[in-house]
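Undergrad: Top to bottom, those sequences are chains A and B. Under numbering that gives the first Met the number 0, think of the first position of the first sequence as 0, with each following residue one higher. Under numbering that gives the first Met the number 0, think of the first position of the second sequence as 0, with each following residue one higher.
Certain hints may be false.
No distinction is drawn between identical chains; accordingly, a pair holds when it is met within one copy or between any pair of copies.
To be verified - Derived lysine-lysine pairs resembling BS3-like cross-links, with alpha carbons at most 30 Å apart:
#	residue 1	residue 2
1	Lys10	Lys328
2	Lys340	Lys418
3	Lys10	Lys205
4	Lys278	Lys160
5	Lys7	Lys205
6	Lys160	Lys67
7	Lys7	Lys287
8	Lys328	Lys11
Hints are computed from structural coordinates only; laboratory data are not their basis.
These are the residues of each chain, in order.
Protein chains: 2
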Amino acid sequence: MDIIELAKSAKKASIELAATDSQVKNIALGGIAKALKANAESIIAANQKDLAKAREDNLAGPLLKRLKFDREKIDDVCAGIESLINIAEPVGRTVSAMELDNGLELYKVSCPIGVIGVIFESRPDALVQISSLCLKSGNAVILKGGSEAANTNRVLAETIKAASESSGIAAGWIQLLETRQEVAEMLEADEYIDLIIPRGSNEFVKYIMSNTTIPVLGHADGICHVYVDSEADLDMAVRVSVDSKCQYCAVCNAAETLLVHESIAGEFLPMVKAGFAEKDTEIRGCAKTRKIIDAAIADEHDWTTEYLDNIISIKVVSDFSEAVEHINKFGSGHTDAIITKNAQAAADFMNLVDSADVFWNASTRFADGYRFGLGAEVGVSTTKIHARGPVGIEGLLIYKYKLVGTGQIVADYSGPGAKSYSHKRIEKEFGM
Amino acid sequence: MDIIELAKSAKKASIELAATDSQVKNIALGGIAKALKANAESIIAANQKDLAKAREDNLAGPLLKRLKFDREKIDDVCAGIESLINIAEPVGRTVSAMELDNGLELYKVSCPIGVIGVIFESRPDALVQISSLCLKSGNAVILKGGSEAANTNRVLAETIKAASESSGIAAGWIQLLETRQEVAEMLEADEYIDLIIPRGSNEFVKYIMSNTTIPVLGHADGICHVYVDSEADLDMAVRVSVDSKCQYCAVCNAAETLLVHESIAGEFLPMVKAGFAEKDTEIRGCAKTRKIIDAAIADEHDWTTEYLDNIISIKVVSDFSEAVEHINKFGSGHTDAIITKNAQAAADFMNLVDSADVFWNASTRFADGYRFGLGAEVGVSTTKIHARGPVGIEGLLIYKYKLVGTGQIVADYSGPGAKSYSHKRIEKEFGM
Chain A
0 MDIIELAKSA KKASIELAAT DSQVKNIALG GIAKALKANA ESIIAANQKD LAKAREDNLA
60 GPLLKRLKFD REKIDDVCAG IESLINIAEP VGRTVSAMEL DNGLELYKVS CPIGVIGVIF
120 ESRPDALVQI SSLCLKSGNA VILKGGSEAA NTNRVLAETI KAASESSGIA AGWIQLLETR
180 QEVAEMLEAD EYIDLIIPRG SNEFVKYIMS NTTIPVLGHA DGICHVYVDS EADLDMAVRV
240 SVDSKCQYCA VCNAAETLLV HESIAGEFLP MVKAGFAEKD TEIRGCAKTR KIIDAAIADE
300 HDWTTEYLDN IISIKVVSDF SEAVEHINKF GSGHTDAIIT KNAQAAADFM NLVDSADVFW
360 NASTRFADGY RFGLGAEVGV STTKIHARGP VGIEGLLIYK YKLVGTGQIV ADYSGPGAKS
420 YSHKRIEKEF GM
Chain B
0 MDIIELAKSA KKASIELAAT DSQVKNIALG GIAKALKANA ESIIAANQKD LAKAREDNLA
60 GPLLKRLKFD REKIDDVCAG IESLINIAEP VGRTVSAMEL DNGLELYKVS CPIGVIGVIF
120 ESRPDALVQI SSLCLKSGNA VILKGGSEAA NTNRVLAETI KAASESSGIA AGWIQLLETR
180 QEVAEMLEAD EYIDLIIPRG SNEFVKYIMS NTTIPVLGHA DGICHVYVDS EADLDMAVRV
240 SVDSKCQYCA VCNAAETLLV HESIAGEFLP MVKAGFAEKD TEIRGCAKTR KIIDAAIADE
300 HDWTTEYLDN IISIKVVSDF SEAVEHINKF GSGHTDAIIT KNAQAAADFM NLVDSADVFW
360 NASTRFADGY RFGLGAEVGV STTKIHARGP VGIEGLLIYK YKLVGTGQIV ADYSGPGAKS
420 YSHKRIEKEF GM
């Protein structure tokens, strides 16, 4: 099937899926979990093929680990599906309601976005998580996974498609792309696709944004900072800094740069150096840093680099404002933390730093859909419209305005003797 | 100043404006209203220049009317500013709050988007409305108005800039562009501008979307429908149809196509023909329509045309599904209405029609920020992310996650003996 036909079919399914009953969706989700377990052997066999190919291609150890999809992973994704079944129906929620006039009521009601295109990395569990989130939220989905996982993804998508469609979900709601050429064609299908979620490197996300008129929810780079204020508890600052960098350094919410207030740098830097030494972390410092502790040289290039590695850059700043300016200039709007005992400084930091997640006395590593209690996440957004930060089910919803009248016409509300609007907020669920 | 410098200056101001106190913003808004009244003479003089030029250029009557900016218009926009002052502070509102663990609280807090670029038509009142909405919502704004209004816009922007900056609003928060070349350069400034709102024709909005990686909130075409169901009150259907088309036909929420259920077409079409005849409205009909009433021929081209004129196309459909499919295929996702006494048909229509505004027994002309009680509007969105339908102040806001801890690190929540998350929703305002 060509991509436009495939997108058209997803669009058609999305209309029906948007109006599908909560119970039907939950039964389908249950059916998917059951089918994944029933098909475990063929899923694992397909994954073995992908793994063998990956070993031949000398894929790095961490990537092999992400690619692996065994019985334990199947149980994990099924547990995720069970928890999705248990959450309240997200579609059809009345966001607000207003009486415009007697017998003329306006309801703002949550609804699915429509058709979501998701391009994701090599983890096959992402395919299951994303498609089950889309189903729960009533969206059709077009998926493109990493080519390393092609065999696994194919079996997973077929299993999900068969189980859901036999439970009454509209055929065509889930589609799998397999080649880059298909992705390029998908980016042209703006008539049928409502949102693209690319997960990957900053360059990749920028490439997608530059090559489509479809709105893009960007899961870009994380240049995250920890700012250690003049009034920080220094022991806490060491613990949070080390955790922010080292607890798992290959991910977007790991800190890349530590900003240290000049007045406490003399005492703090040797402490944090010892902390990083325990984790074999390389320090690159600005000139002021290097006057206090031994470190490699950090220059402007370091401030804009997402190391994704056991390396931290440190800059001594002369005051609070310099820290905020540095973050707003070099950061990627992802996650930034301040360590301070001063509540006013913390409040100012959280207002002035223009990032999705702004933390006071906590590790940047908390920036994550699961830790935030959002359930599964479809990605992290560093764009500033629609959804920001870790994006769960709410980011897959929009709303429509439902106006219920009794034959009202606008002519009666204009000109001489016009009726007037009451514009009265009402506490009422849309009940149809 | 070149456009990148100007956008950079707006970005810098936006950071400060985002953290500006409610009272300061309201005092500035009051100062703007006062200054507009005080400068009325120079504003009107500038507008006279624009009007003289427009008459020389033989601008059409309705455009001249929109361009005119007199004492009455000044009073109108000042009344708009007063009502903005009175609405509750939109920034810093706690959207939701969750305890992640004891002493670790996550707040989702509303905040401005940042820098908004707005390209609008010839009405100078739009400049005042948009900039005051942006100020209230804490956003910096880059404005480009119609070239016909260049003199008026310049005086208005200068007045607003001087009055607001002297009340303590960050310099650079309001910027005026004057040429198309500057707009083209603005579309490149993705590092500094967060959202573009183009108001104008579908072609214009598409041009903007294709030429920028900045998110675009589209105020596009309105191909709106009224569907007269088999169970409609036919008198009501005539009144609503005529109002939807004729109350003001040159705007996006006017109906372009009437869909009529076959079973009532024989009775209804002559009735609605008489209704349209009173308003001198031309009818173009499908073959089935033309068997019942005299009408010009409507073909597929009519289904996708926004007439913006006193013309309506009529199609007889064989059932409910054909009506819904027609709307989803040919509509622009703006506003569509069903006329029926059957509540289930109405509910299905409102679920299955994929439009921002779906109405039951009411005129499409109600689709408007003022009528919806949203206050002033920055535009109408037919995109399906972020904001949809008439967009008021809420569409200029996003949120950030503020996490308040006491030194928590992620390492304590992973591995053997890990602490667990409480993920408990809390009813608590972010109080810093």
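Undergrad: Compare the structure with each hint and give your call.
TA: To see whether the hints hold, each was checked on the structure:
Taking the shortest alpha-carbon separations for Lys10 and Lys328, only the inter-copy value of 11 Å comes in at or below 30 Å, while the best intra-copy value is 40 Å. In this assembly of identical chains, Lys340 and Lys418 lie within 30 Å of each other by CA distance solely across copies; the values are 24 Å between and 57 Å within a copy. In this homomeric assembly, Lys10 and Lys205 come within 30 Å of each other (Cα to Cα) both inside a single copy, at 25 Å, and across copies, at 21 Å. Within a single copy, Lys278 and Lys160 get their C-alpha atoms no closer than 45 Å, and across copies no closer than 53 Å, so neither meets the 30 Å cut-off.
For a Cα distance limit of 30 Å, the shortest separation of Lys7 from Lys205 qualifies both inside one copy, at 26 Å, and across copies, at 20 Å. Taking the shortest Cα distances, Lys160 and Lys67 sit within 30 Å of each other inside one copy (22 Å), while across copies they are farther apart (59 Å). Taking the closest pair of Cα atoms, Lys7 and Lys287 come within 30 Å of each other only across two copies (29 Å); inside a single copy the shortest separation is 59 Å, beyond that limit. In the homo-oligomer, the alpha carbons of Lys328 and Lys11 lie at most 30 Å apart only across protomers (10 Å), although the nearest pairing inside one protomer, at 44 Å, exceeds that limit.
The structure does not agree with numbered hint 4 stated previously, though it agrees with all others.
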